[in-house]
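Colleague: Each chain, written out:
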Amino acid sequence: MSDGAGDIRANPPPLARERRAEARTRQFGKFEGVAAIVGLAVAWQIASYFFPNFLFPTVPAIAERFLEIFSSLDTTLDAFATGGRILLGLAGAFFLGGFLAALMAQSSPFERYAYPLLSFNQGIPALSWVVIAIIWFKGIEFRIFFIMVMTTLPGFTFQLLDAYRSISNDLYEMTLSFRPSRFDLLRTLIWPAVLPGILTSWKVNLGNASRVVVVAELVGATGGVGYQLLLQQQVFDMAGAIAWTIVLVIFVLIVQSLITLIEMRALRYRAVSERQS
Amino acid sequence: MTDEVPEIEFERVTKSFPRTDGSGGTFDAVRDLSFAVRRGELLAILGRTGCGKSTTFNLISGLLRPTSGRVTVKGRDPFTQFTWFRGKIGIVFQNDRLMPWRTAFANIGLGLELNKVEKDRRAEIAAFWLARLGLKDHGSDFPHALSGGMRQRVSIARAFAIKPEILLCDEPFSALDELTANALREEFRGLLLETKATAIFITHSIEEALKLGDRLMVFERPARIAYETGLRADMTEPDRDDVRANIRRALAV
Numbered sequence: 001m002s003d004g005a006g007d008i009r010a011n012p013p014p015l016a017r018e019r020r021a022e023a024r025t026r027q028f029g030k031f032e033g034v035a036a037i038v039g040l041a042v043a044w045q046i047a048s049y050f051f052p053n054f055l056f057p058t059v060p061a062i063a064e065r066f067l068e069i070f071s072s073l074d075t076t077l078d079a080f081a082t083g084g085r086i087l088l089g090l091a092g093a094f095f096l097g098g099f100l101a102a103l104m105a106q107s108s109p110f111e112r113y114a115y116p117l118l119s120f121n122q123g124i125p126a127l128s129w130v131v132i133a134i135i136w137f138k139g140i141e142f143r144i145f146f147i148m149v150m151t152t153l154p155g156f157t158f159q160l161l162d163a164y165r166s167i168s169n170d171l172y173e174m175t176l177s178f179r180p181s182r183f184d185l186l187r188t189l190i191w192p193a194v195l196p197g198i199l200t201s202w203k204v205n206l207g208n209a210s211r212v213v214v215v216a217e218l219v220g221a222t223g224g225v226g227y228q229l230l231l232q233q234q235v236f237d238m239a240g241a242i243a244w245t246i247v248l249v250i251f252v253l254i255v256q257s258l259i260t261l262i263e264m265r266a267l268r269y270r271a272v273s274e275r276q277s
Numbered sequence: 001m002t003d004e005v006p007e008i009e010f011e012r013v014t015k016s017f018p019r020t021d022g023s024g025g026t027f028d029a030v031r032d033l034s035f036a037v038r039r040g041e042l043l044a045i046l047g048r049t050g051c052g053k054s055t056t057f058n059l060i061s062g063l064l065r066p067t068s069g070r071v072t073v074k075g076r077d078p079f080t081q082f083t084w085f086r087g088k089i090g091i092v093f094q095n096d097r098l099m100p101w102r103t104a105f106a107n108i109g110l111g112l113e114l115n116k117v118e119k120d121r122r123a124e125i126a127a128f129w130l131a132r133l134g135l136k137d138h139g140s141d142f143p144h145a146l147s148g149g150m151r152q153r154v155s156i157a158r159a160f161a162i163k164p165e166i167l168l169c170d171e172p173f174s175a176l177d178e179l180t181a182n183a184l185r186e187e188f189r190g191l192l193l194e195t196k197a198t199a200i201f202i203t204h205s206i207e208e209a210l211k212l213g214d215r216l217m218v219f220e221r222p223a224r225i226a227y228e229t230g231l232r233a234d235m236t237e238p239d240r241d242d243v244r245a246n247i248r249r250a251l252a253v
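Line by line, the protein sequences are chains A and B.
If you read the first sequence in our numbering, its first letter stands for residue 1, the second for the next number, and so on.
If you read the second sequence in our numbering, its first letter stands for residue 1, the second for the next number, and so on.
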């Protein structure tokens, strides 16, 4: 029996030096992101010298409008309302999508009917769901929830089904050889195996949801970012429109960062090179 | 052989699978196979690729149900009484099949966890096996940071940790380099003698079968016994040469 030293040499674990280099790479990536945004702001500011203010308001004017949003309770609540609607809609679609994906994975007849319906759903524009929701339902919040769920449901279902189907058959057989209960199988194999897919589905659908929620709020809500954008359009206030858009973008970036943090913690078992790619 | 009930018994077992070429027919992976394994015996099964060794193995472990005939393990049907065998059968697979999200320590403890062994006891057993297989300093490593040999040792430890009464090994050293495989073979034989488990060892290697088995069987395709012999520890080299020649002849069929 060898002492294992040869094995370590054959396949060395990542060295501290390599980990530091990786961290530097990630920091550099953040720097580039900030530099790109600063570059965009500078370009916008330059454009504001050549175009009328209602087309290209100055960057300080946009910043002032942005700060105004968070200096009033009403507008702050509008910003949070949109964030809450996005998260609630995504949670609803996630649970319903997870349920549908589980049924599709267990029953091929069900999958044969459900798959084309979900594909059909994917082709329906968000605006159509808005119209349908307005005609079908009375409550504004439920309308928005319905629109969010219907537009992100196929994405969640397909991604979760795919994550389930990607579970290694070798690992499945190995786990089964210990004769686990259903709950133990779910806890020890299925959940950790589908977790990367779940996190990816949240990241992808978060972007979709932030676009859809604005459309939903534009036509039905009496508060929220979409509603505020409609107001800015009515008074022709470009600085306000940009400021509210930035609010939404910041919300999406914060949630994306949270998901990335969870991902880094939950998927820390992955090889360094995989995370770099 | 005494009158005791065999630990593992195949009675005229056939296992057929549907053909995947769309013809609608079936093919036999195992045909009319009968054999028995005594308690504490180490049976080595040799055969060419695709001769149904792994299907035989899956029938014993209860992952497959025979198309006809009867498989009994400890006097019970491993397929219909699947959960009765919890903690009684350990499997070492051809590839390590470690869960990538579990550390070496947690991978070793998987079977114990599924057998509801208390956390402290689990940790104690996993630590023992880590040390026993020379992985003491690698308990907190995830599989990606381990070499092939180390990963296979973790998978062997995982199977032995539950103290199985029956151990099934499906070419566990075939993916390793010869030096590592030799070292593990020695260790493995020692572990089997220590635990007194009944074991079936599937291999492609004649020398591995001769080294590890109390008895060996050569399968022809579909899985049927083409040659069978007992192996005594005191066999002379000329006797072993005869066995080698017979195995080669059986494999050539």
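By construction, these hints were calculated from the structure, which means they are not laboratory data.
Do not take every clue at face value.
Calculated from the model, a selection of chain A residues having no Cβ within reach of chain B, i.e. all distances over 12 Å [what the hints assert, rightly or not]:
#	residue
1	E32
2	N121
3	T200
4	K203
5	V255
Here are some of the chain B residues that sit facing chain A, going by a computed Cβ distance under 10 Å [what the hints assert, rightly or not]:
#	residue
6	W84
7	R97
8	M99
9	T103
10	K119
11	R121
12	G139
13	F142
14	R158
No experiment lies behind these values; they were computed from the predicted model shown.
The beta carbon of each residue, even a glycine, is placed where N, CA and C say it ideally should be.
Colleague: Against this structure, judge whether each hint is valid.
Modeller: So, going through the hints one by one against the coordinates:
Interface exclusion of A/E32 from chain B stands, the closest Cβ pair being 28 Å apart, more than 12 Å. The claim that A/N121 is not at the interface with chain B holds, since no C-beta of that chain comes within 12 Å of its own (minimum 33 Å). Distance check on A/T200: its Cβ is at least 16 Å (rounded) from any Cβ of chain B, clearing the 12 Å threshold; non-interface status holds. Distance check on A/K203: its Cβ is at least 19 Å (rounded) from any Cβ of chain B, clearing the 12 Å threshold; non-interface status holds.
Even its closest Cβ contact with chain B, about 24 Å, leaves A/V255 beyond 12 Å, as expected for a residue assigned away from the interface. For B/W84, the shortest C-beta to C-beta distance to chain A is roughly 8 Å, which falls under 10 Å, so the interface hint holds. For B/R97, the interface hint holds, the least distance from its beta-carbon to any beta-carbon of chain A being 4 Å, beneath 10 Å. For B/M99, the interface hint holds, the least distance from its beta-carbon to any beta-carbon of chain A being 6 Å, beneath 10 Å.
Taking 10 Å as the C-beta cut-off, the interface hint given for B/T103 holds, the closest approach to chain A being about 8 Å. Checking B/K119 against chain A by beta carbon gives a least distance of about 14 Å; that is not within 10 Å, so the hint is violated. Because the beta carbon of B/R121 sits about 16 Å from the nearest beta carbon in chain A, more than 10 Å, this interface hint is broken. Contact between B/G139 and chain A, as hinted, is not supported at the beta carbon level, the nearest pair being about 12 Å apart and thus beyond 10 Å.
The beta carbon of B/F142 is positioned within 10 Å of a beta carbon in chain A (closest approach about 4 Å), and the interface hint is therefore held. Of the supplied interface hints, the one on B/R158 holds, with its beta-carbon coming within about 9 Å of a beta-carbon of chain A, less than 10 Å.
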